[in-house]
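Sequence order for the protein chains is V and F. Numbers 0 to 255, taken from numbering that gives the first Met the number 0, label the letters of the first sequence in order. Numbers 0 to 464, taken from numbering that gives the first Met the number 0, label the letters of the second sequence in order.
It is worth saying that the hints were derived from the structure and are not from the lab. The structure presented is a predicted model; accordingly, all values stated were derived computationally and were not measured. Worth double-checking, as some hints may not be accurate.
[To be verified] Using C-beta positions, here's what the derived DEER-type ranges look like:
1) V:Pro193 / F:Glu365: 46 to 56 Å
2) F:Arg5 / V:Asp84: 54 to 64 Å
3) F:Arg237 / V:Gly141: 48 to 58 Å
4) V:Gly141 / F:Lys405: 13 to 23 Å
For glycine and all other residues, C-beta sits at the position ideal for the given N, C-alpha and C.
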Amino acid sequence: MKPPTSPNKLAQLRASLAKAGLPEIQARVPLGLREADEVLKGGLACGACHEVFASAGHEASATGFAASLAWRVARGKRVLWIVQDFSALEFGALAATGLLELGIDPARVLMLRVAHAEDALRAASDALTCTALGAVVIELMGAPKVLDLTASRRLTLAAGEHGVTAVLLRLGAAPDASSASTRWVVRAETSSDPENWGRPVFDCALVRNRHGGTGQWVMEWSCDNGHFQAPGGAVVPEARDRPAAAALEPGRRSAA
Amino acid sequence: MAGLDRKATAFGIKVGQPLANARAMLPALKVVAANPAADLKLLGRIADWCERFTPLVALDGARALLLDVTGATHLFGGEQAMLDRILRGLEAQGFAVRGAMAGTALAAQALSRRRSGTVAQPGTEAEAVASLPVDTLNLDPVTTHAFRRAGLKRIGQAYGRDRRELTSRFGARLVYMLDTAFARAETPVSPRRPLPDYRAERAFAEPIATEDAIRATLVALAASLGEALEKRGEGARRLEASFFRADGIVRRIAVETGQPVRDPAVVERLFREKLASLVDPLDPGFGFDLVRLAADRAERADAVAADFDSDAHDAREIRFLADRLAARFGSDRMLAFVAGDTHIPEAAFAAVPAQHAADFASVPWERIRRPNEAPRRPLRLFAKPEHAGILRAVPGSNTLHMRWRKAQRVLVRAEGPERIAMEWWRHQETQPTRDYWRAEDGEGRRLWLYRDTETAQWFVHGALA
Numbered sequence: 000m001k002p003p004t005s006p007n008k009l010a011q012l013r014a015s016l017a018k019a020g021l022p023e024i025q026a027r028v029p030l031g032l033r034e035a036d037e038v039l040k041g042g043l044a045c046g047a048c049h050e051v052f053a054s055a056g057h058e059a060s061a062t063g064f065a066a067s068l069a070w071r072v073a074r075g076k077r078v079l080w081i082v083q084d085f086s087a088l089e090f091g092a093l094a095a096t097g098l099l100e101l102g103i104d105p106a107r108v109l110m111l112r113v114a115h116a117e118d119a120l121r122a123a124s125d126a127l128t129c130t131a132l133g134a135v136v137i138e139l140m141g142a143p144k145v146l147d148l149t150a151s152r153r154l155t156l157a158a159g160e161h162g163v164t165a166v167l168l169r170l171g172a173a174p175d176a177s178s179a180s181t182r183w184v185v186r187a188e189t190s191s192d193p194e195n196w197g198r199p200v201f202d203c204a205l206v207r208n209r210h211g212g213t214g215q216w217v218m219e220w221s222c223d224n225g226h227f228q229a230p231g232g233a234v235v236p237e238a239r240d241r242p243a244a245a246a247l248e249p250g251r252r253s254a255a
Numbered sequence: 000m001a002g003l004d005r006k007a008t009a010f011g012i013k014v015g016q017p018l019a020n021a022r023a024m025l026p027a028l029k030v031v032a033a034n035p036a037a038d039l040k041l042l043g044r045i046a047d048w049c050e051r052f053t054p055l056v057a058l059d060g061a062r063a064l065l066l067d068v069t070g071a072t073h074l075f076g077g078e079q080a081m082l083d084r085i086l087r088g089l090e091a092q093g094f095a096v097r098g099a100m101a102g103t104a105l106a107a108q109a110l111s112r113r114r115s116g117t118v119a120q121p122g123t124e125a126e127a128v129a130s131l132p133v134d135t136l137n138l139d140p141v142t143t144h145a146f147r148r149a150g151l152k153r154i155g156q157a158y159g160r161d162r163r164e165l166t167s168r169f170g171a172r173l174v175y176m177l178d179t180a181f182a183r184a185e186t187p188v189s190p191r192r193p194l195p196d197y198r199a200e201r202a203f204a205e206p207i208a209t210e211d212a213i214r215a216t217l218v219a220l221a222a223s224l225g226e227a228l229e230k231r232g233e234g235a236r237r238l239e240a241s242f243f244r245a246d247g248i249v250r251r252i253a254v255e256t257g258q259p260v261r262d263p264a265v266v267e268r269l270f271r272e273k274l275a276s277l278v279d280p281l282d283p284g285f286g287f288d289l290v291r292l293a294a295d296r297a298e299r300a301d302a303v304a305a306d307f308d309s310d311a312h313d314a315r316e317i318r319f320l321a322d323r324l325a326a327r328f329g330s331d332r333m334l335a336f337v338a339g340d341t342h343i344p345e346a347a348f349a350a351v352p353a354q355h356a357a358d359f360a361s362v363p364w365e366r367i368r369r370p371n372e373a374p375r376r377p378l379r380l381f382a383k384p385e386h387a388g389i390l391r392a393v394p395g396s397n398t399l400h401m402r403w404r405k406a407q408r409v410l411v412r413a414e415g416p417e418r419i420a421m422e423w424w425r426h427q428e429t430q431p432t433r434d435y436w437r438a439e440d441g442e443g444r445r446l447w448l449y450r451d452t453e454t455a456q457w458f459v460h461g462a463l464a
């Protein structure tokens with residue numbers, strides 16, 4: 000039997016930390032890829048807001064990356080996936096069988112369909128107060144006006160206050176100013192193993208990191224073990240020179 | 000002629016008369032086309048209004064309502080006072096109304112037709128209706144006529160007859176009717192809407208209109224409902240608030256829950272979400288003079304002392320969240336995944352309302368890929384497979400050109416076919432078998448394609464991560 004965790008107790012501890020003037024220790028979940036975790040100072044921060052942008056045409060990969068991130072930071076807790084109707088129409092609806100194949104338990108994923116980005120944000124700020132959730136994925140289409148700096152701050156605050164991680168999945172949008180803790184631009188990467196091809200391999204560019212540097216890695220999600228790793232479990236290949244991609248997404252640079 | 004006002008009746012025009020005859024009798028007659036559907040709707044609204052007196056309101060034909068006020072009269076200062084209040088209330092809304100109160104439905108009906116405003120005390124129904132003509136019983140014309148021919152003009156005369164005589168001449172049904180009219184047998188009232196398991200209400204001398212007052216009322220009602228539920232160890236799966244406006248309009252707002260609830264704070268929160276999301280917001284007008292909260296679908300709900308099992312605690316918290324989100328966005332938008340017992344890709348899982356997910360047959364989730372293998376099913380699935388043109392193989396290589404969504408792609412790898420036959424035993428029309436392929440293009444994007452074996456056309460059905 001697990002010991003009961005009381006939200007009140009947590010709040011008390013937080014308050015006492017604040018009184019002592021100490022920075023709150025934010026839990027971090029390592030992604031699994033050493034190079035990335037080093038830059039992230041140990042891993043992805045829980046109770047923060049993370050943004051995942053899809054490169055144009057790479058929406059399914061960005062979805063896979065966001066799902067894997069959320070599943071990883073949720074650490075066995077449930078995940079709420081808020082999706083705008085139009086996004087499902089344009090890029091396909093989230094498939095439970097697909098989640099299952101990625102090693103994500105569909106029984107622990109709830110989905111809320113909303114018509115507008117405004118509804119998505121309102122639902123998210125309510126859901127982020129529910130400490131029983133591990134992560135909330137907010138899938139938005141395009142660049143809705145309501146998603147401004149204030150809305151982004153509100154999400155970050157709500158996530159921080161209750162320790163629920165927000166993953167903002169942005170499809171068909173270009174990165175803009177926000178208060179997110181990290182920002183990723185994701186595209187698919189070709190399979191390296193011609194024999195066992197088709198595993199979820201992502202080319203992930205960390206273009207913003209509030210607590211450290213940026214970088215770009217090719218990561219494979221291990222469907223069996225539930226963490227990220229170098230593709231095929233091998234050494235990370237050098238990031239290939241891709242002038243077209245670099246031109247499309249300024250601000251991308253290779254990891255040191 | 001379907002209906003007449005007082006003046007037209009005074010001129011001798013009768014219901015059922017052809018319009019031409021009526022016009023001949025009274026050329027100035029104003030005629031409006033009858034609209035039974037609208038009449039019924041209006042009667043429904045009047046019935047809604049009447050629900051402030053009792054939840055047992057039944058439609059009685061197309062022009063009458065039957066209210067079972069058993070045990071409710073003392074709340075309104077006695078029988079006569081209650082009847083007067085109902086009649087005055089309807090008259091104030093501009094209706095011409097007749098009404099009576101009696102121990103039996105039939106006696107009340109007969110009295111209302113001739114002696115509007117009277118109350119027959121229980122046991123005195125026979126005397127009260129004895130002097131009324133037999134046609135007030137609203138029998139079929141043949142029977143009424145037969146009564147007349149037999150010289151039985153008043154109800155009392157008919158009732159005074161030997162019952163065997165009546166039965167042999169008019170049938171058992173009539174005797175039964177007379178018995179019910181005079182309280183020898185009971186007729187149940189079948190209410191328009193099912194009676195809720197629990198209800199609490201609050202009436203206001205001064206109608207309330209502000210949001211705060213409405214919220215405070217709901218909290219108070221939820222608290223008294225919660226107490227009643229707790230006494231019997233139950234919780235409600237559906238709650239309905241009825242707002243009775245001073246001008247007669249009634250608005251009902253219901254919320255559903257995924258688990259039995261009785262905590263007033265939870266109930267208030269659900270209604271707050273629901274009220275905030277209404278497309279057609281709650282309009283208090285001149286205020287609500289009665290608010291009722293009813294609880295339905297009560298289920299056993301045991302008090303939980305402490306949560307030692309944190310996952311069970313989490314599950315409950317999440318059900319509360321799902322209830323809130325469902326109240327705001329609709330229960331068909333708050334979804335949970337359940338596995339299907341079929342290999343047809345679009346039916347292998349279903350997104351069902353999270354509040355009712357437990358009602359669906361649960362099949363264990365079974366992944367298709369084997370350990371260490373790549374995923375075999377797409378993460379994003381198109382509701383409608385999209386047509387794709389497989390153009391041609393690139394000469395001298397294994398790659399294929401594909402055209403989809405107005406763009407050309409080069410498929411570098413493909414694996415298949417995985418043949419999936421449509422389940423003919425489930426569908427009326429047989430659907431063609433599909434050959435599925437996983438494919439990866441030059442940029443690493445992975446698609447899920449199929450070829451219709453009948454038409455040999457290609458479709459994109461989904462995308463893999």
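Results for each hint:
| no. | hint | verdict |
| --- | --- | --- |
| 1 | V:Pro193 / F:Glu365: 46 to 56 Å | violated (28 Å) |
| 2 | F:Arg5 / V:Asp84: 54 to 64 Å | holds (56 Å) |
| 3 | F:Arg237 / V:Gly141: 48 to 58 Å | violated (38 Å) |
| 4 | V:Gly141 / F:Lys405: 13 to 23 Å | holds (19 Å) |
Comparing the model with each numbered hint stated earlier shows that hints 1, 3 do not hold.
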